[in-house]
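**Q** Sequence lines, in order, name chains E and V.
By my numbering, the letter at position 147 of the first sequence is numbered 147, and the numbering carries on one by one without gaps.
By my numbering, the letter at position 334 of the second sequence is numbered 334, and the numbering carries on one by one without gaps.
Honestly, the hints are just simulated from the structure, not real lab data.
Bear in mind the structure is a predicted one, so any value in this text is a computation, not a measurement.
It is possible that some hints are incorrect.
Said to hold, decoys possible - Here are the computed lysine-lysine pairs in the BS3-like style, where the Cα-Cα straight-line distance is at most 30 Å: (1) V:Lys207 with V:Lys336; (2) E:Lys336 with V:Lys207; (3) E:Lys336 with V:Lys336; (4) E:Lys207 with E:Lys336.
Stated by the list, open to error - Examples of chain E residues lying across from chain V (beta carbon under 8 Å, computed): (5) Val33; (6) Ile208; (7) Leu212; (8) Gly308.
Ideal Cβ placement from N, Cα and C applies to all residues, glycine included.
Number of protein chains: 2
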Amino acid sequence: MNDHDDVAPDRAIGPDARTRLADGRTLLYYDDVAGADRSASDSRPLVALESEPELRYNALLGEWVIIAPHRQERTYLPPESECPLCPSRERATEIPASDYDVVVFENRFPSLVSGVAIDGPPDGTRRPGIGKCEVICFSSDHHATFAGLGAARLRTVSRALIDRTLELGTLPGVEYVLCFENRGEEIGVTLNHPHGQIYAYPFIPAKIDRTLSVAADHQARTGECLMCSLVARELADGDRLVAAVDEFVAFVPFAPRWPFEVHIVPTRHVTDVPALAEGSAVTMLELQARVLRAFDRLFPSPAPYIAGFIQAPVTDRREVAHLYAEVFTPRRAAGKLKYLAGSESLAGAVSNDVIPETAAEMLRQVLAE
Amino acid sequence: MNDHDDVAPDRAIGPDARTRLADGRTLLYYDDVAGADRSASDSRPLVALESEPELRYNALLGEWVIIAPHRQERTYLPPESECPLCPSRERATEIPASDYDVVVFENRFPSLVSGVAIDGPPDGTRRPGIGKCEVICFSSDHHATFAGLGAARLRTVSRALIDRTLELGTLPGVEYVLCFENRGEEIGVTLNHPHGQIYAYPFIPAKIDRTLSVAADHQARTGECLMCSLVARELADGDRLVAAVDEFVAFVPFAPRWPFEVHIVPTRHVTDVPALAEGSAVTMLELQARVLRAFDRLFPSPAPYIAGFIQAPVTDRREVAHLYAEVFTPRRAAGKLKYLAGSESLAGAVSNDVIPETAAEMLRQVLAE
């Protein structure tokens with residue numbers, strides 16, 4: 001699974017080809033090996049959907065909420081024979097090519113859209129939902145998994161993530177770029193083809209804002225980066241470590257919100273995905289894939305999970321941000337999920353049923369298998 | 001359904017009887033009519049479970065997380081014939097009496113426990129999980145619903161909620177009391193008998209803390225209570241109103257996090273459930289039950305929901321708190337739920353697919369039925 005494929009020589013960040021889908025959305029190809037024919041065009045009679053998401057200010061919580069009603073119409077668990085993320089072979093899909101390595105394209109049912117006016121009404125409680133929501137497909141194989149991708153593909157994925165973080169960060173009004181993957185119907189995935197998502201927000205999302213405030217306080221008080229301090233503590237304690245490789249460490253945090261939660265962190269201070277050297281980005285993704293393979297071995301069936309990169313905002317408080325990947329499964333036991341019910345949803349008080357050191361020990365055991 | 005039963009004359013807040021279960025936990029009876037025989041004792045050979053929950057400080061988010069591993073063993077979706085919340089008739093359950101109106105008892109699998117030392121280790125990152133987790137059963141009828149309770153029962157429920165808020169607030173170390181109900185397997189309920197929960201936390205939960213900070217800022221800036229301002233705005237706008245009755249208004253908030261979310265709010269400034277006059281508490285619960293009946297009429301099957309009272313802490317910042325009930329269903333369409341996936345869980349950015357004014361209009365329609 002994790003055999004090191006032949007790795008293509010380094011080449012410039014940026015897509016290998018770009019095209020437009022029938023309704024005008026952009027699609028980008030990132031290839032494992034340069035030179036593939038990406039001239040196929042989208043022949044579908046696709047009408048551009050009207051998408052006018054709105055941001056509304058939640059006054060009680062002091063945060064923006066995205067209202068995106070057109071997403072109610074989004075494709076919902078189609079059978080494999082109608083998968084829109086497979087390549088176009090017998091039938092036309094979202095990807096015109098008959099095969100692909102990695103593609104990124106604008107979501108047909110986005111929560112945030114570019115090209116609308118940036119200024120909202122003057123009362124400051126609502127404004128247009130500008131930004132971008134992209135889909136990233138990791139493989140043309142409907143049954144592939146991120147955990148099973150080889151080094152060559154992970155290098156291509158890392159090129160795409162770096163490119164998208166950089167390019168989306170240049171869009172007017174965009175303040176934060178989040179690259180993430182949801183897997184499993186248990187957590188609400190509506191398409192089973194292996195894919196991630198990239199959101200470019202026109203505000204600093206609430207949880208990110210909170211972590212930046214906390215990190216800024218820590219830095220002001222101690223002169224140190226909070227995550228650098230936490231990494232040092234985890235390396236010293238050792239009982240929550242899951243794996244350590246060149247430049248990266250994977251550990252269950254001291255007070256996780258989820259039964260099996262792992263942070264994958266560069267041991268030196270790195271602010272965001274683009275700040276990683278290309279080789280380092282691949283190492284980080286390989287470690288992430290290894291942790292996800294361990295998740296799948298914890299219980300009899302593959303784990304539903306959420307995984308993403310917590311990185312610095314486009315401009316705000318970059319000096320206190322330290323990149324990490326957060327990967328968790330809400331599964332607490334075979335056939336049982338941890339839910340965010342009354343205590344979590346109403347009050348924000350999380351109760352976790354798995355001792356973090358036990359979770360780390362279980363993960364170390366299956367990681368070694 | 002909402003017929004006004006005969007209402008018992010006012011009597012003192014506080015349980016009508018109390019007993020101890022076989023493992024030492026306290027159980028309280030609150031009766032619709034005084035004078036019932038509550039002398040039955042628990043005959044089960046029940047061993048006290050070891051519960052030593054721990055609080056750990058999540059340094060990245062600056063909040064406490066409860067680690068409660070003994071909860072992994074909790075009763076999981078038993079058949080009705082083994083329901084632990086039915087009264088004791090052919091078999092002994094958690095409630096010794098052969099019938100009851102409302103009972104409150106300590107959870108056998110609590111996230112927080114009293115009676116353990118309050119002081120934690122000196123480094124400030126972990127401490128014992130002191131507090132209390134109680135279960136409140138609204139009816140001895142396994143198939144009853146909160147939405148279907150009559151006025152006499154709602155009066156008894158309100159007496160119990162007032163009593164528990166007051167008594168739990170006197171426990172050493174308790175800073176916040178949350179009364180809530182989770183309903184539906186879709187949101188993780190493990191017992192189907194109609195019941196709520198009461199949590200007494202030894203800290204201000206993160207979301208509550210956030211709302212208090214935001215309200216304090218608003219008050220400092222404008223001299224006004226934030227919720228009082230929001231109620232005035234909703235009454236003026238009108239398009240998100242769901243219902244208004246004597247002293248209370250129910251509306252979909254301007255920027256809700258959930259597809260169908262309703263806040264039920266006293267129009268005059270009230271800090272917590274005990275500050276309501278007894279008659280007002282019943283009116284508030286009746287309005288909540290009415291909203292929940294509307295939830296059940298939105299789609300072909302009964303709605304999963306979370307409902308609870310956001311009230312002032314025991315001592316902290318009580319002057320900026322304004323009581324409200326938050327009631328929401330995560331169901332966004334027939335057979336489809338809104339999930340908190342990558343954008344919400346990793347970044348805290350919520351995307352809601354239902355326009356709040358549309359949600360309010362749909363609720364007004366089914367409310368009138």
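**Q** Compare the structure with each hint and give your call.
**A** Outcome of the hint check:
1. V:Lys207 with V:Lys336: This hinted pair holds, its Cα atoms lying about 26 Å apart.
2. E:Lys336 with V:Lys207: 26 Å, holds
3. E:Lys336 with V:Lys336: Between E:Lys336 and V:Lys336 the Cα gap is close to 20 Å, so the pair holds against 30 Å.
4. E:Lys207 with E:Lys336: Distance ~26 Å between E:Lys207 and E:Lys336 Cα, so the pair holds.
5. Val33: 30 Å, violated
6. Ile208: With a closest approach of 5 Å, the E:Ile208 hint holds.
7. Leu212: At about 10 Å, which exceeds the 8 Å cut-off, the nearest Cβ of chain V leaves the hint on E:Leu212 violated.
8. Gly308: 4 Å, holds
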